Amino acid sequence: MRSRFSGRFLTILVAGLSVFAMAVWSFSQAAPAQGQGGGGARGGRGGGGGGRGGDAAAAEPTPRLPDGTINLGRAPNDVDGKWRLPYIQNMANNSPDRPQAGGGAGGGAARGGRAGGGAAAAPDASAAPARGGGGRGQRGGAASEPWIPFLPWSAAIYNYNSKNESKYDPEGYCLPPGGPRLYATPYPMVVIQQPELKRIYLIFEGGTHVWREIFMDGRPHPPKDALDGTTWLGHSVGKWEGDTLVVDVVGFNEGTWLDYYGHYHTDQMHLVERWTRPNKATLHYEATIDDPGAFSAPWRTAWDIPWASDGIREYICQENNQYLNHLKDDFGKYIIDHGEDDEKSQ
Amino acid sequence: MQGRRLRFVCLLACLAIAIPALAQFGHPLKGSWSGEWRENRTNEHRILLEFKWEGKYGSNPEGGTLTGTLNPGPNSAPMKNLKVVYPTGGVANADAPWQVHFEADTKDESGAAIHVTVDGFLENIGAYRRFMTGTWQEGTRKGPFKVTANYGL
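Chains as they are written, first to last, in the numbering used here: chain B, 1 to 346; chain W, 1 to 153.
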C-alpha cells in the first residue's frame, strides 16, 4: 500500500516537474511576440537570444582569412557561432548624425544595440513631446527627430505610423525586413565568405529565412530598368577598403519599412553599408540611406552587433502568425476578408 | 477529408493573394487607382487614375515631383495643378485625411472638350485598401467620387 502510494506520488511529481520544465522552456522561447520580433501583440516566436561567449571573444583579435582579409564569420577553430542581431525599433536614435545631449553630432558614438528611447531635441514643441522615439504612447513623430531629413510626405506618413503605433508594419505580416532593418530584427545571422567565388553570403534566421548575396567580383549593378522596384533586399556589390567591407545596394521595392517605427523608403533608395570587425566579438554596421524619394538628404544609422558562440536555429515566422487575422484598418474593417465576421465587425 | 484539403488550398490561395496586396509602401499616392464618380442615381462613370512620384534632392520644398494621369490609355489626360496638403499638428492629427486637388483637360463621352476639377481626401493611408473620396466635376456636371488603390509591387 505504502509502495503504491509512493509510486503514485513519484509519478505525479515527475509529471509536475515535466510540465513545469516545459512551461519554462516555452516561456524562454516566446518573447518578443511580433511577426519577426517586433513590439506588437503579434504572432511568431521572436528573439534571437542565446549563445554567450561575447566577453571572452572580445579579448580575441579579429579573425582573418588566409589571404589576410577580415573574416566576418566563424573562424576555423570555432565550433559554432553567429551574430546576435539587436532589436532596434527606431533607427533615427542610432544615427551618428543625431545631436548628443552635450551638443554637436554624435560621430561614431551611436553604437551599441538597442535604441527606442532616450532624450532627443524637439524643435516643434507644439507637435511633439519632449522625448524622441519614446515608448508606447509617447512617440513624437517627425518633429522629434529633426536630424532625419524627412520630406513633407514622409514626415506625414511617419507621424501617421507613430499615431497608430506601427500597426501596418510589414514585418507583422512576416514580410522580410529590407535594407538596414535586416540587421535590426532580433534573430541571428551567419556570414559566409567565399573568396574563391568572390561572394559573401549573409544568412538570416529571422527575416523569413532570407539570405543576401554580395558580389565581390567588381561587377556593376544591372541597369536601372532591369532592377526598378523588383527586389526586397536589393542588388549588392561589395569591395574591401582596407579592413572595411563597403557594400553598395540598389533595386529595392517598396514592400518594406526601414524600421519598426515606420520610417518609409522608396524604390529610389540607394544604400551604402560599411562593415568592420574591430575584434572577434564585435561587428560594426553603418548604413547611409540615400533615398531622394523619401528624404531631402542622405542620413546615417549605425550600431554594433555582438558575437555569440552557438549556432542558428530554425524559425518560421508564418507559423501561427495570427496578426493579419486580427488587423483592422482605420475604419475598423478587417484587412483580410473574414466574410461573415467581417460584416459583424462593422 | 477532401473538404478539409480544399479549405486548406483555398486558405493558401487567399494568403498568397493577400500578402502581396499588403505590400506597397512608398509615397501613398503612387500607383494606380480605380473607382467611379456618380453624376446621379443612374449615371456612374468609371475612373482610372495613375500617380507617379520622383524624388530629387534640392528640387523644391516637396522634395520631388508628383505627376498624375487621368484615364491612362488612348484617352489619357495629364493632371494639372496637382497638389497634396498634408495634415498639420504632428502626431496628434496624423490620421487626418490628406487633401488632394487636381485638374485635367479631357473629352467627355461625346468627344467634346471638357475640364475636370477634382477635390479629394486620401484616407486609410497605411492600409492596402487606401482610398480617396471627394467631389468630381466635369464641366457643369458634378458628383461624389471614390477611388481605391490598386496594388502590385
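FYI, nobody ran anything at the bench for these hints, they're computed from the structure.
Some hints here could point you the wrong way.
As the list claims (entries may be wrong) - Straight-line C-alpha distance at most 25 Å; calculated DSS-like pairs for lysine-lysine:
#, chain 1, residue 1, chain 2, residue 2
1, W, K107, W, K83
2, W, K80, B, K333
3, W, K56, B, K224
4, B, K333, B, K163
5, W, K52, B, K224
6, W, K142, W, K56
7, W, K146, W, K80
8, W, K146, B, K328
Claimed, not checked - Stretches of chain W that chain B covers, calculated by requiring three or more beta carbons in the stretch to come under 8 Å of a beta carbon on chain B:
#, segment
9, 50-64
10, 124-130
All figures in this text were calculated on a predicted structure; none of them were measured in a lab.
Ideal Cβ placement from N, Cα and C applies to all residues, glycine included.
Hints violated by the structure (numbers, ascending): Numbers 2, 6 - these are the hints that the structure violates, sorted from lowest upward.
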